[in-house]
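Peer 1: Here is how the chains run, residue by residue.
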Amino acid sequence: MSKPTALSIGIQRGGLEIRQFMRQRESVVFTMLFPLILLAIFGSVFSNQIAEGVTFSQYFVAGMIASGLVNTGFQQLAIMIPMERDFGTLKRLRGTPMPASSYFIGKSILVTLSMLVQVFLLLAAGVAFFGVNLPTSADKWLILLALLVIGSACSTILGIAFSNVPKTGRGASAVVSPVVIVLQFFSGVFFIFTDLPQWMQQVAAIFPLKWMTQGARSVFLPDSFAAQEVAGSWETGRTFAIIGAWLVVGIIWAIRSFKWERQ
Amino acid sequence: MSTVISVAGLKKSYGANQAVNGVDLQISQGEIFALLGPNGAGKTTTVEILEGFRDRDSGEVKVLGFDPATKGAAAQAWRDRIGIVLQSTEDAGDLTVYESVSHFAKYYKSPKDPREVINLVGLGEKVDALGRTLSGGQRRRLDVALGIIGSPEVIFLDEPTTGFDPEARRAFWSLIRNLRDEGATILLTTHYLDEAEALADRVAVINHGQIIEISTPELLGGRATSLATVSWREDGFTKSEKSENPTALVSQLSSRFNGEVPELSVKRASLEDIYLEMIGGAHE
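Read top to bottom, the protein sequences are chains G and R.
With the working numbering, the residue at position 222 of the first sequence is 222, and numbering never jumps.
Numbering-wise, the working numbering comes out as the position in the second sequence, counting from 1, plus 1000.
If we strip away everything but chain R, and leave its shape as in the complex, we get (with noise of 0.2 angstroms):
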């Protein structure tokens, strides 16, 4: 598979802040990357680097083929093939989502179809509301139609679900699946690990500028073979007991209780666990 995104030695500093401090990332096509990481963690200069809003100090940073700091019509020519949703917005409130839409796709060579696209982000019913009249969730998803409109081979998007509920988040999921089915390479910034566990392919956990680890969301810092916590109720009391061998452990505990175990649980650590301990033990 081609590499549509990557990134080396990348550095910037804002005076004394070493904001970005040594990232490297391959991406694929066809890719879900989720980027993970505290506020102040060099997320969003990371990713705000990658979309050209930002210049470098140093570092090599290509997106399909092209190094985003380039000006002129060439980053015209470039920024035709890319989509970006930003952190929340709140303007063109006197449009309504289908004059924002329609006329967001006159920017584009090959844009969708305006209705299409509404209807695929689920404002179907909205498309002569104004924008000012939007809920937080469905102005996110005009963020998101407005996105995507152009087509692009690459997505970006920042913190896309903040303030959906727990349906219109999972519609979201598909659509960003969809989409990247249809060829996109995705790049997503989320707090919601569940998100990044749902959605991604890989994840990189970033922090103090630096990326801490790259992985599937399974493997990620060793979850997988992480030690399990096995708990129950014994003498009136929870106790519990991290294992190796979760298994060993319970058919023990079986045979002395002489059958059902009280209150007996197993759990692995989820990637929220991992994460935290990942990003707790970088601060030391």
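This is chain G alone, in the form it adopts within the complex (with noise of 0.2 angstroms):
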């Protein structure tokens, strides 16, 4: 017998990873019923206009949907791995020929998947409640797709990297979840970010968030709202090269810091 790719043996862990994923109930609910009950909590209570044509609950299905490629990648990674680590499980995998690789690849299928699956419950959700409208143009379309490869891939990588910062498994969710939280605050997830503290939006902008959150409204609002934005305008070439950028910092990052065992 011929010895399998590591991307055919990556996908084979994709599946697994799944499997294993949807046997863990509460980790299902809590990953994809949590944005939900936020969209319906947030979206009922502020439903007044913002802007001409534009309602706050529009605006935070877009940053929901933002948050949803941190939540089913960095969050979720960033949590899980440190529990694998513990668990014995990245030890076990490191002293069999599977490639390194495969393993990411398997966990990049698993983020891909709920990212995927968050996003359609929170565009379902938001269409048939809360008045929000599907892109029409194939610009917007592309400038879409755009953002969930690169913000999903840009999200996942630097929860792999961030993975090491949890010192253990139990503790991981106590670490990473303030993080993503504090961020959403920052980024213009629940409150309108123009009418964020000036020093807050600064802090914001250092970070891939508030760039996801920036492109999702691109998307999901109608033109007329970019001049409300920091800059007036979309700024769609800066939001694509700062989440590049941590792209590109995550690799560097998860290469050099990532651990198979527990230290």
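Don't read these hints as lab results, they were simulated from the structure.
Wrong hints could be hidden among the right ones.
[Unchecked claim] Computed list of lysine-lysine pairs in DSS-like fashion (alpha-carbon distance at most 25 angstroms, straight line):
#, chain 1, residue 1, chain 2, residue 2
1, G, K259, R, K1011
2, R, K1106, R, K1126
3, R, K1106, G, K259
4, R, K1071, G, K259
Given two chains presented individually in distinct reference frames, assemble the corresponding complex, making use of the accompanying hints.
Peer 2: Okay, structure coming up:
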């Protein structure tokens, strides 16, 4: 029998990851349903118009879709990988001929699938209940696609890199979740970004989530709203440049810091 | 017989702690070799260097003619030929025994049949059970199944029978002997001296990062020629005497008591006695 390739083993691992994920009911509910609950609460409470033809709920749906990229990639992996490190999963894999890349391919498949499901659920709820309009031009669809691909890749690699920060699997969620929630507050998910204090906006602009939310708004809000953004435009080029830069930072960080064993 | 594992002058320190301080070992093909030593003696560090998990400071190490510290594609080909059973793990709780074992089979060039391996380790009835529902001993057998699925030429077993009941342990021992009979070389660390005695062709006792002695279990520490302890009851007290010639002592006693000696026993040092004496002595 000839030896399978890193890619084919990675795809097998992806299937296995999904199967394991589906069997953890609590995490399925937490990861998939919680954003929908938030959407229902915020979307219903703040239904006021924030600009001509734009309600806060629409603004919020765009922010939650961007957050979905962070939840399914960064948050999920930065909590899951330290637990696997504690359980000995990673060390055991390290002792087999499995190529290291197969492990990361498997994780990427899990992230991609959960991201697609989450975005779909948020979008469906947004369209059905909160007056979100799907993009009408091919340009906007293309930007959405690029945002999902590059944004999710960035989020995934940063989750892998950050997985070395929590010292134990048990403590991972307590380390990772506050980072995500604070970033969400700073990045214009729960509040309108331009209403935030200047310093908060400047801090948020360093991190990718702010650019992901802005990118999502550029897809789901009417172009007239661009004038309300900080720069008075969608800054699509800068959005992708900064998310792309974080993708590169994440790759270097992950390669330098990833550990297969608990220290 | 060809040498499968060779270690010469191996050293490894963590800061000021010299964990391994000049270990030499030669293990031949088809041998079951047990590494004994107290916690912190350098056992795990030595084995993890052989498994390629840890880098060494100095010394020569070859496993199947390959330096385990090598990285990259060559290391991957080498990993195809070895099997590692780590100390207790608790991963893959959401996969069934069959899913785990058959998935690991895909990592190897010439894996064994997953169902066969599952039966071999005695998990036949648990083939569709989720990992998290297994008992400690069953969990350990799954670890063993995952370690041997790739038809390894060298198997590293780190305290493999922790949590086994006596029957399961005996079944496990015969499994290990079978793997050896198929040609595998086995390096085992254990806390159980009866396990070393039952399984190992040779044992090495390691303490403070150094090998104190390498021998067969029967000859370790001069066990075969050690003094026997003869004890009996006399005048309401238990008396005992160490003797080079226990037979002569017993016949002497027998004539003194005119036949039967009350509560007579003759004991040679057990492997455990010898071992405790060795690691105790090494403390000085």
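Peer 1: Quick one: which hint numbers does this structure break? Sort them smallest to largest.
Peer 2: none
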